[in-house]
Each structure stands twice: as C-alpha cells, then as structure tokens.
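K.L.:
Residue strings, one per chain:
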Amino acid sequence: MVDFNGWDMPVEYSGIIAEHLAVRTGVGIFDVSHMGDIRLAGPEALAAVQHISMNDVARLAIGQAQYSALLYPQGTFVDDVIVHRLGQGEYLMVINAGTREKDFNWVRDNTHQFDCAVENLSDDFTQIAIQGPKGVDALQKLTDVNLAAVKFYWVTRGTVCGLKETLIARTGYTGEDGFEIYVPSDEETSARVWNAVLEAGREFGVVPCGLGARNTLRLESKLPLYGHEISDTINVWEAGLDRFCKMEKPEFIGHAALEKAKSEGLKRTLVGLEMTDRGIARDGYKVWNESGAEIGYVTSGSYAPFLKKNIALSYIPPEQAALGSTVRVEIRGQGVKAQVVPTPFYKKPKNA
Amino acid sequence: MPYPTDFKYTKEHEWIKADGNSATIGITNHAQDSLGDIVFVELPKVGAELTAGKTFGSVESVKAVSDLYAPASGTVTEVNGDLATAPEKINKDAHSSWMLKIALKNPGELNSLLSAADYEKFVAEEGGH
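These protein sequence lines are chains A and B, in that order.
Oh and the first sequence: position 328 is 327 in numbering that gives the first Met the number 0, straight run, nothing missing.
Oh and the second sequence: position 51 is 50 in numbering that gives the first Met the number 0, straight run, nothing missing.
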C-alpha cells in the first residue's frame, strides 16, 4: 500500500503484469474513488463549462462525455478532465485525485459570473472501474440497463446492485472497453458493490488491479498523467492534445496564450520512445541525442506488460522528433539507445 | 518459504552459497516478493571484479529499480544467461535462480554475513518492508 496524493492505495494485488494482462484480455477492476467529481448545474452551466474547458462541450448530447482540460491563462494545464453531460444544464467533471481541491477552487472561482451552481461531490461517490473486453459481460450481470446500447464515452443511469439511478459511464483510463460506476460512498454500500462486481467477474477471470497496472495500462495507451505529460508548465500544443482543444470557440481561459504559442511554434513536443538497446527508461531520466547532448527528459517510462517492450513518453525538440529517429536515454550514467515510435503504443483491437 | 541453511545472507537481501573457493550469488525470496514482477537484470561480465559491500549491478521490477550489493569480493566466473531473457524466473524461485558465480578473493568474508535464522529474524524485524 502506498500514499497516493493522500489516499492509501495498493500498488498491486496479485502482481502488476497479471493485472495488466487481465485488463487487456479479460476484465480487471479498480477502486478509483480517489478521483474527484464536480457538478455544474444551472441555466448558464453550458456557458460556464465552455469558459473553463478547452474542448467544445456544446457538442455533447445529454448522456455524452468528452475528454478535455482546464487551462491557466498561459495555456498550461490546471488538470485534465472528463466532462459528462448529465442533463439539459447539468455537467459532471471527473478530475484527478491530487488536484481535487485545486480544481474545485479553480472551477468555483472562474464561474461565479455565470448562473450556475458548482458542487464538490468528490466524497459522495465510490467509483469502480470495470475494464477489459469482458467488462461489459461482468457488469451486465449486475444491472438492468442494456449495456450494449451504451456507446463508448456515453453515460446513463440505471439500477446497479439494486441501487437505483446509478451513474454508469463507458469510460476508463486503460485503453480498453469498460465502464465506470458511481455508487454512494458509505462503507457498507461500497464493500457490497465491490464484492458483487468481483463475484460477477469471477467467471471471466476478473482480478482486482492496483496503481501499478493502472499506470502501465495508461502508458501503453498514451493517456496523459498530470504531473508527467501535462502540468502547469506544459501547454496544450506541446502535449499533443490539439484535437481536444477547440480554438474555434470564441473564448475560453487560455485561448489567447494558445493562439500566441501556436504562432511562435513548438519548442518541445511529446513523443513515444521504444528502447532498442537493453534498459528501461523511467520517469525523469534524461534524453540525449546521439552525440550525448541533453535534449529532453522522460515524462513516463516503464516495461510494457502487454507489448513486452520498454517504452516511454518524453519531451524533446521537434527537430529530433521524426519517427524512427534515434535518441539515447541516460540510465545510470549510460546513454542507452531508443527510437522515436508512433503512439499510442497499443490500440485495442477493432472487433473487441 | 524457508531460507536454505547452506546459504549466507546480506542485509540487502542477497544470498551467497560457498563451495570451497567459489561461490554462487542471488537474491532472496523476500527480495523478489518486495520487488514484484522482475523484468530486467543488469549483471557484470565474466572477469569483472566484485568488492564486498559495493554495488555490482541492478535488478528492476515493473515498479522499481534496486541495486545489487556484492556479498563477498571475487572475480566473476559465470553469469546466468537465462536471466537476460527470462528474469521472471527469479520471482518463481529466487533461491534457485542464481545470478553469478565468483572465485572468492577472501572466503573469510562470509563469516560476517547472516545465517538463515538471523536473516529470517532480520526480515521479520524489518516489518515486511
């Protein structure tokens, strides 16, 4: 067990590799109650969300969700979020554990001009992620909702484990199909539902999964982690999150700075690396060019259990970032060869 | 899992088994359990010199990098090539998955290492990490 942003959480239950493979081939479950939840509701909720979020939430139908980010005026990240449209003028933002308080204050302080109530619901929910190709089969045993009809990045409400109006979202942080359910956070309900999900998943080989597998899964799928690929000193273009940033919106916090940054050009860019010589690139390791000059650093790196390779994400200058380029990662004083490769490193199979 | 009584142990969780003037070195079951899934082992080449108490390589799990400390001084005579491609063997059986064989420079050094009983006590007191 480790202290993860103030939460006592397991790194692994049965082993990172076994847990990672279970999610890629069957089903794995995660207690992700450390994530935060902010509800925005009111006649001007849409305008409020549009002001603070870089993606275009006007595109969301009721029951639809999108990945986005809250930005500082400099165009750098407050946090990345998933915005769910729950009702006509009702949105739920799911945010990172480590930024719960910062995000809530940010949202509240930057939306007071809108007729919109902002509520911190983070402690109200136990959030359980059920991830993998068999996730839908496992969860279907516990709900009356026809899960086949819930498309990826859509959300619905239904009875789960006897709990009416439970929020069910087809979202996740693993690069696989899967769901996240939000149940009342009292201990009795939480334990009951967790055990029910475990039992329902048993025939599909379910394993509970910890932070270790959560990290290796999201890394293979190139999903950013706050404090690594995104932070308050990294902007949207550097992080390569252009497609979630709708500059055609007339305004949002960070718009002007991003406009300016775009015209100035990129000084560094996020790339995928695959180690070609023996060695594992890890968070914070330096990246050198072939001549041994330092050109950047690793934001996240690890052995990838499904791909069975050593992979990493890193910031390097755009000039060195062509696919196939060779760089070196400094591992205990030695420059170990790596290659710039396309990302995501892993993509779930189409028919899954 | 009982710790073999014909091994000696270090506080850094390596084991060493002497056989006359040569010895075999590996890491303990406690070490592999603490590390989790081992995915990489960095070992010196045949001919390299080990100095007791100094690092001679590293072992990496998915989540962590751990230095390996020489239990005794000597020259590397053999390296377990299996570990380059199948490091997970250490997780399966740490006490059989030897890493190196060395020619001991000073066999007397082993006298200051822990016995199996002392090592078990040491691990228990460490509080299971």
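Read the hints as simulated data drawn from the structure, not as lab findings.
Be careful, since some hints might not be right.
[What the hints assert, rightly or not] EDC-like, lysine to aspartate or glutamate: derived pairs with alpha carbons at most 20 Å apart:
no., chain 1, residue 1, chain 2, residue 2
1, A, Lys-307, B, Glu-87
2, A, Lys-336, B, Glu-87
3, A, Lys-307, B, Glu-41
4, A, Lys-259, A, Asp-276
5, B, Lys-44, A, Asp-276
6, A, Lys-307, B, Asp-81
[Unchecked claim] Non-contacting residues of chain B with respect to chain A, defined by C-beta distances greater than 10 Å in every case (computed):
no., residue
7, Met-0
8, Lys-16
9, Gly-35
10, Phe-39
11, Lys-62
12, Lys-100
13, Asn-105
14, Glu-108
15, Glu-124
[What the hints assert, rightly or not] Derived Cβ-Cβ restraints for the label pairs, each shown as a range:
no., chain 1, residue 1, chain 2, residue 2, range
16, A, Val-1, B, Thr-4, 29 to 37 Å
17, B, Glu-77, A, Asp-241, 27 to 35 Å
18, A, Arg-201, B, Lys-53, 46 to 54 Å
19, B, Thr-54, A, Arg-201, 40 to 48 Å
20, A, Asp-231, B, Glu-77, 27 to 35 Å
21, A, Ala-255, B, Ala-85, 51 to 59 Å
22, B, Ser-65, A, Lys-248, 47 to 55 Å
23, B, Asp-5, A, Asp-7, 37 to 45 Å
24, B, Phe-121, A, Asp-231, 51 to 59 Å
25, B, Glu-87, A, Asp-7, 57 to 65 Å
26, A, Asp-123, B, Pro-1, 44 to 52 Å
27, B, Lys-10, A, Asp-123, 43 to 51 Å
28, B, Asp-5, A, Asp-231, 52 to 60 Å
29, B, Asp-32, A, Gly-283, 22 to 30 Å
Note that CB positions come from ideal geometry on N, CA and C, so glycine has one too.
K.L.:
If a hint holds in the structure, say so; if it doesn't, say that too.
P.N.:
Results for each hint:
Between Lys-307(A) and Glu-87(B) the CA atoms are separated by roughly 13 Å; this keeps the pair inside 20 Å, and the hint holds. For the hint pairing Lys-336(A) with Glu-87(B), the CA-to-CA distance comes to about 24 Å; that exceeds 20 Å, so the pair is violated. Between Lys-307(A) and Glu-41(B), the direct Cα distance comes to roughly 18 Å. Compliance with the 20 Å bound is thereby established for this hinted pair. A hinted pair counts as satisfied when its Cα atoms are at most 20 Å apart, and Lys-259(A) with Asp-276(A) does not qualify at roughly 40 Å.
A hinted pair counts as satisfied when its Cα atoms are at most 20 Å apart, and Lys-44(B) with Asp-276(A) qualifies at roughly 17 Å. For the hint pairing Lys-307(A) with Asp-81(B), the CA-to-CA distance comes to about 17 Å; that is within 20 Å, so the pair holds. Non-interface status of Met-0(B) relative to chain A is upheld: no Cβ of that chain comes within 10 Å, the nearest being about 17 Å off. Chain A leaves Lys-16(B) outside its interface by the beta-carbon criterion, the shortest separation being 27 Å against a cut-off of 10 Å.
At roughly 6 Å, the least C-beta separation between Gly-35(B) and chain A is not larger than 10 Å, which violates its mark as non-interface. In this structure Phe-39(B) is not separated from chain A by more than 10 Å, as the shortest Cβ-Cβ distance comes to only about 5 Å. For Lys-62(B), the requirement that its beta carbon stay farther than 10 Å from each beta carbon of chain A is not met, with the minimum near 5 Å. With a closest Cβ-Cβ approach of about 21 Å to chain A, Lys-100(B) is found to remain outside the 10 Å limit, as its non-interface label requires.
No beta-carbon of chain A comes within 10 Å of the beta-carbon of Asn-105(B); the shortest separation is about 28 Å. Under the 10 Å C-beta cut-off, the non-interface status given to Glu-108(B) relative to chain A holds; the minimum distance is some 26 Å. With a minimum CB-CB distance of about 20 Å to chain A, Glu-124(B) clears the 10 Å threshold, and the non-interface call stands. Under the hint 29 to 37 Å, the C-beta atoms of Val-1(A) and Thr-4(B), about 35 Å apart, fit the expected range.
Between Glu-77(B) and Asp-241(A) the beta carbons are some 54 Å apart, a value that contradicts the proposed interval 27 to 35 Å. The beta-carbon spacing between Arg-201(A) and Lys-53(B), approximately 49 Å, falls within the hinted interval of 46 to 54 Å. Between Thr-54(B) and Arg-201(A) the Cβ separation comes to about 44 Å, which falls inside the hinted range of 40 to 48 Å. For the pair Asp-231(A) and Glu-77(B), the supplied restraint of 27 to 35 Å is violated, since their beta-carbon distance comes to about 52 Å.
Between Ala-255(A) and Ala-85(B) the Cβ separation comes to about 55 Å, which falls inside the hinted range of 51 to 59 Å. The hinted range of 47 to 55 Å is satisfied by Ser-65(B) and Lys-248(A), whose Cβ atoms lie roughly 49 Å apart. The given range of 37 to 45 Å is respected by Asp-5(B) and Asp-7(A), whose C-beta atoms sit roughly 40 Å from each other. Take Phe-121(B) and Asp-231(A): their Cβ atoms lie about 44 Å apart, and the range 51 to 59 Å is violated.
One distance hint, 57 to 65 Å for the beta-carbon pair Glu-87(B) and Asp-7(A), is violated here, with the actual separation near 28 Å. Checked against the given bound of 44 to 52 Å, the beta carbons of Asp-123(A) and Pro-1(B), roughly 49 Å apart, stay inside it. Checked against the hint of 43 to 51 Å, the C-beta distance between Lys-10(B) and Asp-123(A) comes to roughly 47 Å, which is consistent with it. Roughly 57 Å separates the CB atoms of Asp-5(B) and Asp-231(A), a value that falls within the hinted 52 to 60 Å.
Hint check: Asp-32(B) to Gly-283(A), Cβ distance near 26 Å, so the stated range 22 to 30 Å holds.
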